[in-house]
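Asks: The lines below spell out each chain.
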Amino acid sequence: MYSITKYLMLFMVTISTVTCEKALFEEEFASTDPFVNFNYLWEECDKKYAYFSVKNIDWDAVKEEYSAKLFKGMTQDSLFNVLGGMLSELRDDHTNLLSDFNISSFGVKYLGQDNFDWRIIVDNYITQDFYRTGPFSHNFLDNGEIGYVRFPAFTGGINGENFDFVLNRYKDTKGLIIDLRENGGGAVTDVFSLLSRFISSETLVYFSRIKNGPGHEDFSEPFPVTVAAPSDKIYKNKVAVLTDRGTYSAGSFTSLATKAIPNMVLIGDTTGGGLGLPNGGQLPNGWEYRFSITQALTLDKSPDFENGVPPDIRVLIDWSDLTKDEILERAISELQ
Amino acid sequence: MKQKGFTLLTLLLFLFIGEVKIVQAQSESMRKSNDETTLTRKELRKQIPKFIAIGFGTNNAQFRDFATSPLIYSGRVLHISLSRFKLSNKREAELGLSYDFGSLSNNYNSTFSSSDFKRVELYYSKLYKLKLFEAIGVNTKLGFLLVGNGNIRINNALQNNAFGIETFANLLGSIKFTKDISRKIAKEKKFLFIKYKLKEKSRDLAFRINLGLINSSYRNGYAYIGQSAILNEPKFFDDYEYNIFEGLRFSSRLDYTRNLSNKNAVQLSYIWDAYATRGDSDKFEIAHHIIKLTLLFNTNNL
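Chain order of the listed sequences is A and B. Position 200 of the first sequence, counted from 1, bears residue number 200 in the working numbering, the numbering being contiguous throughout. For the working numbering, add 1000 to where a residue sits in the second sequence, where the first one is 1.
One chain only, chain A, in its complex shape (with noise of 0.2 Å):
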């Protein structure tokens, strides 16, 4: 009897492991069909991306016209050519598609033209002593009476310390200059703490707001985003904020951020957008991807500047003329 109770249990065990676990899950997944990935990946945007209104696109036409370049057999490569192809039709550089041979880009700086040069900057105007401060290169400009911080990346390298040692040079300047040009973005815990040296009280700089509905206007309410000011160590004087086609994400939320902040001005080109925060998630096929699911809003809770944020004053480089940086010298003509 002992036996056949023993045998009984684990005939049991067996059972209800393998057969309940089946009936709890849903069926395998994996799958490199390209018409599952391509349907896979055209849902996931639809349901969840954000910018679908703002940017007037016709997902369903996107889907119809690549879904034509789709046939059985096709090769990896040229299917992620078509998937790429469709995730570029969102004109979005937090949109991409990541596989093990290649990374789709929209490449939203191409978008206008090139508008800074690091040399120039170094040979005119801030010389090759210019400091080097966590993030931040930086240096006198125009006898002293202005000074110059360069910040190419929101790397999450901002802290008191050394925010505090750049500020405390400037702090008898006439202005500073803040570029942030070419500035592709990073961690927008940098941005708070960068604007928080230039606000005396709590500023609000912008709205923001999440998918939470596959519809394409489905959003959350407009959250209001605030940046307290540090008790102390605050720049006072004007401040102005160097921007072009590739400053992105970080950048972007920085630079709508200073329409909010009176003593500050954005000069140069629009930037390229970003702001919307992106996620990220795998296909069928185990290649990656990720595109916008919140929306940015300006104070009057417009999301147009997803398509750039356009500069307060709109100057372009020259470059007939190496030896001048057009954005910088109205830069400094503005804080004199």
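Keep in mind the hints are simulated off the structure, nothing from the lab. Hints are not guaranteed to be accurate.
Some but not every residue of chain A turned toward chain B, in silico, with C-beta under 8 Å [claimed, not checked]:
1. Phe25
2. Lys48
3. Val188
4. Val315
According to the in silico footprint, chain B covers these stretches of chain A (three or more CB under 8 Å from chain B) [what the hints assert, rightly or not]:
5. 103-109
6. 279-289
7. 300-312
The beta carbon of each residue, even a glycine, is placed where N, CA and C say it ideally should be.
Please arrange chain B on chain A, whose structure you already have, making use of the hints.
Replies: The following block gives chain B in isolation, referenced to the frame of chain A:
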């Protein structure tokens, strides 16, 4: 190396401390002592064996989070557990904590991605004896299992969605069948020309099934990643949603317990546990197949 040595030493001490001779099972003695009518209820309660159980083993786990990937991540992670339980012929109760940690991965279409995986589980269970299958010597108990667990997953392939965390709370109905499979009389055996003696052994075989009655989850919202970072108000459970009555959970457990002469015990277990969310657009599924060895220290000995 030191840790391994310590574990081995603990195991050896546990197994061989006291007499090696097997005596009557402590569960048997419990039954007898319960029959003693001269004992007060308090004295009887005191005599119920109480154990501290320390378990370690491997967990063959797999999960799929449709919010970020339709692919199944699987692998073997380590499992450790610590619990305290009371066990008598009529009822049993257990309060425990377990921790699983390791890495689960997916390798499909020449694309390898790996997810660090950690799971913490807190559980409480209570079972009461039923007068069922007594004729065939099976002790049947019915009761519940209350489980709360949280998973932490980090998968850099998912970029801004790299960090995944979800918690589940479940009330499960439980039924447990225990069969005393002790060898009560020593046996003389012979294999070829070698004679050997099978000594008396006290041991139990138990099988338990748990079925989710109330299943709840606390998971990410529609977009998976919250926006608190860009709101300048970073928070941990960003845009999370609580769902109740929207999920399924089943588990089962097979235990082989060897009762030792010193009233401690060693238990070898196979545990299967699976749960899946329902009702939301991005389902989550996870299954665990755990094989573990548990050392049960009888605290009545202390």
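Asks: Run every hint past the structure and note whether it holds.
Replies: Now for the hints, and whether the structure bears them out:
1. Phe25: holds (5 Å)
2. Lys48: holds (6 Å)
3. Val188: holds (5 Å)
4. Val315: violated (29 Å)
5. 103-109: violated (count 0)
6. 279-289: Since 10 is at least three, the answer is holds.
7. 300-312: As far as the region 300-312 of chain A goes, the hint is violated, because 0 residues have Cβ atoms under 8 Å from chain B.
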